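Here is how the chains run, residue by residue.
Protein chains: 2
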Amino acid sequence: MYESLELEQSSTVDRAADALRRALFGGDLEPGTPLREVALADSLGIARSTVREALGLLATEGLVHRIPYRGVVVAALEPGDVHDVITARLALEEAGVRAWPHAVAEAKQAVHEAVEAYATAARTGAGPGPLAEAHLAVHRSLVGLTGSNRLLTTAAALNGELRLALAGVDRRRGNAEQQVSQHRDLVRVIESGDSEAAVAALRAHLADAEESMRDAVTADRAAPD
Amino acid sequence: MYESLELEQSSTVDRAADALRRALFGGDLEPGTPLREVALADSLGIARSTVREALGLLATEGLVHRIPYRGVVVAALEPGDVHDVITARLALEEAGVRAWPHAVAEAKQAVHEAVEAYATAARTGAGPGPLAEAHLAVHRSLVGLTGSNRLLTTAAALNGELRLALAGVDRRRGNAEQQVSQHRDLVRVIESGDSEAAVAALRAHLADAEESMRDAVTADRAAPD
DNA sequence: GAGGACCGATTGTCGGACAATCAGACGAAC
DNA sequence: GTTCGTCTGATTGTCCGACAATCGGTCCTC
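Protein sequence lines, in the order shown, are assigned to chains A and B.
With our numbering as the guide, the letters of the first sequence map in order to residues 1 to 225.
With our numbering as the guide, the letters of the second sequence map in order to residues 226 to 450.
By construction, these hints were calculated from the structure, which means they are not laboratory data.
This one's a predicted model, so the numbers in the text were calculated from it and none came from an experiment.
Among the clues, some could well be false.
[Claimed, not checked] Which chain B residues face chain A? A few, computed with CB under 10 Å, are given here:
#	residue
1	Gln234
2	Arg277
3	Leu282
4	Gly287
5	Pro293
6	Thr312
7	Ala313
8	Ala316
9	Leu317
10	Arg375
[Unchecked claim] Which chain B residues stay away from chain A? Per the calculated CB distances, all over 12 Å, these:
#	residue
11	Gly251
12	Ala301
13	Arg348
14	Arg388
15	Asp433
[What the hints assert, rightly or not] Which chain A residues stay away from chain B? Per the calculated CB distances, all over 10 Å, these:
#	residue
16	Gly27
17	Ala41
18	Gly45
19	Val74
20	Asn175
21	Asp185
22	Ala197
Beta carbons are placed, not taken as given, at the ideal position from N, Cα and C, and that holds for glycine.
Using the sequences and the hints given, assemble the complete structure.
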């Protein structure tokens with residue numbers, strides 16, 4: 001009885017980390033901007049040690065970099081990082097695609113739901129942030145096909161690193177509907193059961209994504225408005 | 226000039242985390258043992274806040290679990306976790322194996338060196354700890370074939386979770402030489418260029434490993450000597 | 001202009017303090 | 001006898017203030 005009840009407890013560190021994440025994804029902070037501990041502490045109204053812990057969290061997520069005795073700076077996605085992350089994502093999502101035939105029904109269902117959520121987000125004209133989130137949720141659902149929670153969490157971490165840059169890409173392209181149909185096609189190929197074709201489609205899709213993202217990153221670097 | 230020079234700076238947190246890791250891998254701590262902050266603090270001769278940060282590190286590595294207001298306990302590898310970790314490792318190493326034809330020469334070289342190091346470790350009768358480390362290094366070198374640093378770090382994290390249990394397996398089996406030759410065969414198949422055969426061999430190898438590890442974990446659970 | 005000594009700013013670590021929360025014991029009420 | 005409230009001790013979460021270590025930059029000397 002009462003199995004569905006749940007009460008999430010929120011520590012101050014978590015709330016601080018959330019606030020910082022929102023600020024990062026909001027795009028107010030340029031990559032390279034230093035995050036001063038004392039300034040954040042009395043800006044958030046919490047102690048410096050708590051800020052430190054929150055920043056440590058973000059650092060392990062790859063959203064910021066901590067340099068000893070120099071402080072924490074907003075992570076900048078180098079072009080080389082884009083390739084690294086995309087390679088990693090390909091490995092994870094390819095594993096998911098290959099696992100489709102043996103995947104549990106819920107995981108398959110989750111893929112469809114993620115695509116539909118992405119479609120409605122695009123149709124209703126959601127902002128760049130939520131749209132990017134819905135997009136990445138589709139890719140995460142592919143990883144979910146493997147059935148490994150650990151792969152899912154690493155996929156989420158990788159997505160976190162990309163979320164900022166990806167919002168820029170969507171803003172730049174603005175062809176959300178086309179993006180959605182491209183993902184619909186991808187899922188259709190996956191469902192067909194032809195693993196090799198599905199992997200090839202995924203590879204092409206991610207190669208395309210890498211190119212767009214690399215352009216976005218270098219553009220940001222050239223003209224950081 | 227002087228490119229080879231380097232001076233690693235060690236923070237107190239890192240040294241504390243290392244000490245705790247050694248204690249964990251040393252096997253003195255049973256899974257489920259609570260790690261009290263104040264006790265560790267004056268046992269290590271450092272402040273409690275520093276201990277907290279070090280424990281946070283280990284928690285993100287999955288070596289310990291932190292329960293709010295309850296403390297951190299040594300992580301216990303449930304049988305379900307074994308499957309989860311092995312599935313994740315299979316995804317990563319399979320990606321590496323498939324990348325063999327396009328991998329850079331250094332990465333291929335690293336695989337051979339890892340196997341040789343494993344062989345000498347087995348031949349010279351290294352202890353269970355170093356032997357397990359050499360074993361896992363071989364598998365990590367496979368992930369290195371993908372060329373993605375992020376995949377390598379997640380592989381390292383997954384290996385960390387297994388290191389404890391794996392030492393138990395090697396101790397139990399004691400057929401180190403046979404294990405080495407099995408890995409030699411695996412690498413030979415990978416080198417052959419037949420990706421499908423290589424993946425099949427890897428899958429069989431990991432399935433075998435999963436079984437051994439599951440047995441070891443359940444045995445530890447039944448008789449935690 | 002190269003090298004060295006200072007300086008302000010920031011982080012890393014420490015120690016102590018207090019509130020929040022937990023597990024367990026104890027006892028009262030039905 | 002079970003359930004519930006209360007209490008208590010232990011432990012963690014958070015805060016605060018302090019100081020040493022380290023960094024980047026400036027100035028000064030030669």
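To see whether the hints hold, each was checked on the structure:
Nearest Cβ of chain A to the Cβ of B/Gln234: about 6 Å, under the 10 Å cut. The hint holds. Interface restraint check: B/Arg277 against chain A, minimum CB-CB distance 8 Å, threshold 10 Å, status holds. At its closest, the beta carbon of B/Leu282 sits 8 Å from a beta carbon of chain A; the interface hint therefore holds under the 10 Å criterion. Hint status for B/Gly287 relative to chain A: holds, with the closest Cβ pair at about 8 Å, below 10 Å.
Satisfaction of the interface hint for B/Pro293 is found here, the shortest Cβ-Cβ separation to chain A being roughly 6 Å, below the 10 Å cut-off. For B/Thr312, the suggested interface contact is upheld, since its CB lies about 4 Å from the closest CB of chain A, less than 10 Å. Restraint check, B/Ala313 versus chain A: the minimum CB separation of about 4 Å is within 10 Å; hint holds. Using the Cβ-Cβ criterion of 10 Å, the hint placing B/Ala316 at the interface with chain A is satisfied: the shortest such distance is roughly 3 Å.
The interface hint given for B/Leu317 is met, as the beta carbon of that residue sits about 6 Å from the closest beta carbon of chain A, less than 10 Å. Annotation: B/Arg375 was flagged as interfacial toward chain A, and the flag holds, the nearest CB pair being 5 Å apart, inside 10 Å. Listed as a non-interface residue, B/Gly251 keeps its Cβ farther than 12 Å from every Cβ of chain A; the least gap is roughly 25 Å. No beta-carbon of chain A comes within 12 Å of the beta-carbon of B/Ala301; the shortest separation is about 16 Å.
The claim that B/Arg348 is not at the interface with chain A holds, since no C-beta of that chain comes within 12 Å of its own (minimum 33 Å). With a minimum CB-CB distance of about 15 Å to chain A, B/Arg388 clears the 12 Å threshold, and the non-interface call stands. Every beta carbon of chain A lies more than 12 Å from that of B/Asp433, the smallest distance being close to 18 Å; the non-interface claim holds. Once the 10 Å rule is applied to beta carbons, A/Gly27 is consistent with being away from chain B; the minimum gap is 23 Å.
Distance check on A/Ala41: its Cβ is at least 15 Å (rounded) from any Cβ of chain B, clearing the 10 Å threshold; non-interface status holds. With a cut of 10 Å on Cβ distances, A/Gly45 stays outside the contact zone with chain B, its closest approach being about 20 Å. Non-interface call for A/Val74 relative to chain B: holds, since the shortest CB-CB distance, roughly 19 Å, exceeds 10 Å. At roughly 28 Å from the closest C-beta of chain B, the C-beta of A/Asn175 stays outside 10 Å, upholding its exclusion from the interface.
No beta-carbon of chain B is positioned within 10 Å of the beta-carbon of A/Asp185; the least distance is around 24 Å. Non-interface status of A/Ala197 relative to chain B is upheld: no Cβ of that chain comes within 10 Å, the nearest being about 16 Å off.
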